[in-house]
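Engineer: Residue strings, one per chain:
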Amino acid sequence: MAKYLLLKHYRGAPASVNDVPMDQWSQEEISAHVQYMNDFAARLEKTGEFVDGQALAPEGAWVRYDGEGRPPVTDGPFAETKDLIAGWMIIDVDSYERAVELAGELSAAPGAGGKPIHEWLEVRPFLAAPPTITE
Amino acid sequence: MQDALVEALRVWAADPPRDAKGWLVTVAWRKFLDATRADAARRRREDRVEEEPAPGPAPAVDDTLQLYFLCAHPSLTPASAVALTLRAVGGLTTRQIAEAYLVPEATMAQRISRAKRTVSGVRFDRPGDVATVLRVLYLVFNEGYSGDVDLAAEAIRLTRQLAARIDHPEVAGLLALMLLHQARRAARTASDGSLVPLAEQDRGRWDTALIAEGVGILQAALARDRLGEFQAQAAIAALHADAPAAEETDWVQIVEWYDELTRLTDSPVVRLNRAVAVGEADGPRAGLAALAALDASLPRHAAVAAYLHERDGDLATAARLYAEAAHKAPNLAERDHLTRQAARLNARRCR
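First to last, the protein sequences are chains E and S.
Sequential numbering from 388 applies to the first sequence in this note's numbering.
Sequential numbering from 271 applies to the second sequence in this note's numbering.
Simulated from the structure, these hints should not be mistaken for lab results.
Warning: the hint list may mix true and false statements.
[Stated by the list, open to error] Each pair of labels, with its calculated beta carbon distance range: (1) S/Asp552 with E/Glu467: 55 to 63 Å; (2) E/Leu443 with S/Asp512: 52 to 60 Å; (3) S/Pro600 with E/Ser403: 29 to 37 Å; (4) E/Ile520 with S/Ala562: 19 to 27 Å.
Built from N, CA and C at the ideal position, the CB exists for glycine as well.
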């Protein structure tokens, strides 16, 4: 029983095997991809392992505090930012091995030519609550 | 009979029978008749088992024991066994369990209904293994997070209920272990939520009634001379509870109990804890020597090494290891605690 974040990147991950960008796919290929993602989430809900899934718009801004009484400073987006997150899925599973297994399945979502994208997904454990028994 | 138990799982939570045994016999007979009828009827009945029983207190009858075994059945994954136990034995609602484990209610509902499906074919031709039940209860207790539902308190309640129904020294051992840890719970966290290590806890805030109860249960269990890992863990907790001040802790005895525990479990985590105890009993050099024999990739290895190096006076190494341990910490409270340790040593060295 541990939660993991499966993180999908627009940029920053190593190149996928099937690396054709989505805007060059056919309508059917896009539909098949979306269907695969929805089915995957629905299946995880049925196995009792789904927590959350969200997608992010690629365009964002950088914001920081600029001192007392002043509005926050905004800047960006910066084209050179190396890491750009596309979205995530949160799962609650029995083991790290299971998290890796599920990430592998998610990475097999079909892309151009209906072939798996083999996309690199980042798997990150959540920091949990401390256990009751420590010694 | 099996079908009757599944039926009990479904309806007892809302409507506990006055005569449980009679109820089971009647239902078992009815189920037998049902089973001879058409497939369609059977499908409908299976669908009914899927349905969510209404929340309510668990039935306080001896057949509860069968439910414990069913809900901790080895065919279930730990997460499923925990969820089913809290639902069917504990009588918590699916929403409460979902909130306690920070998952959506729909996910928890599916986890529970899958677990029910998994065990619906289980036959009780042999007595269940109490060790599987104890592992599930230990997991519930150790979850740590306490929201609206206090899982540690719930685990204690369920373990008490089990101990009243089954005479087994390890059940008593687990109950004692839980009580002894629960006794220190209030002193474990500062008002800002940060962890307070055992040595720095205000022992005046320990719950002496819980300690006395835990020690009493443990002593009765140990007297039966059938040692198991929970009794050994409880013995260590009892020795900590027994010390009026951290300096008065009987570390020599604690090391001996860790030796027993190593013999019983052969767990690397136990060996790591033993190295800490050796460091206290025989000095930090002895602790570091014990640690050197262990795999450095073990969780909390760096934290233990940092502590022992600090005790040995090597503050630079200790600070570096505390920072490394913070980086690897599995939870936020521990990470913050270890970061503070590193910062404390770094500040002292710079002065």
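Engineer: Now, for every hint given, state plainly whether the structure supports it.
Structural biologist: Checked hints:
| no. | hint | verdict |
| --- | --- | --- |
| 1 | S/Asp552 with E/Glu467: 55 to 63 Å | holds, 56 Å |
| 2 | E/Leu443 with S/Asp512: 52 to 60 Å | holds, 54 Å |
| 3 | S/Pro600 with E/Ser403: 29 to 37 Å | holds, 31 Å |
| 4 | E/Ile520 with S/Ala562: 19 to 27 Å | holds, 26 Å |
Going through the hint list in order, the structure satisfies each hint without exception.
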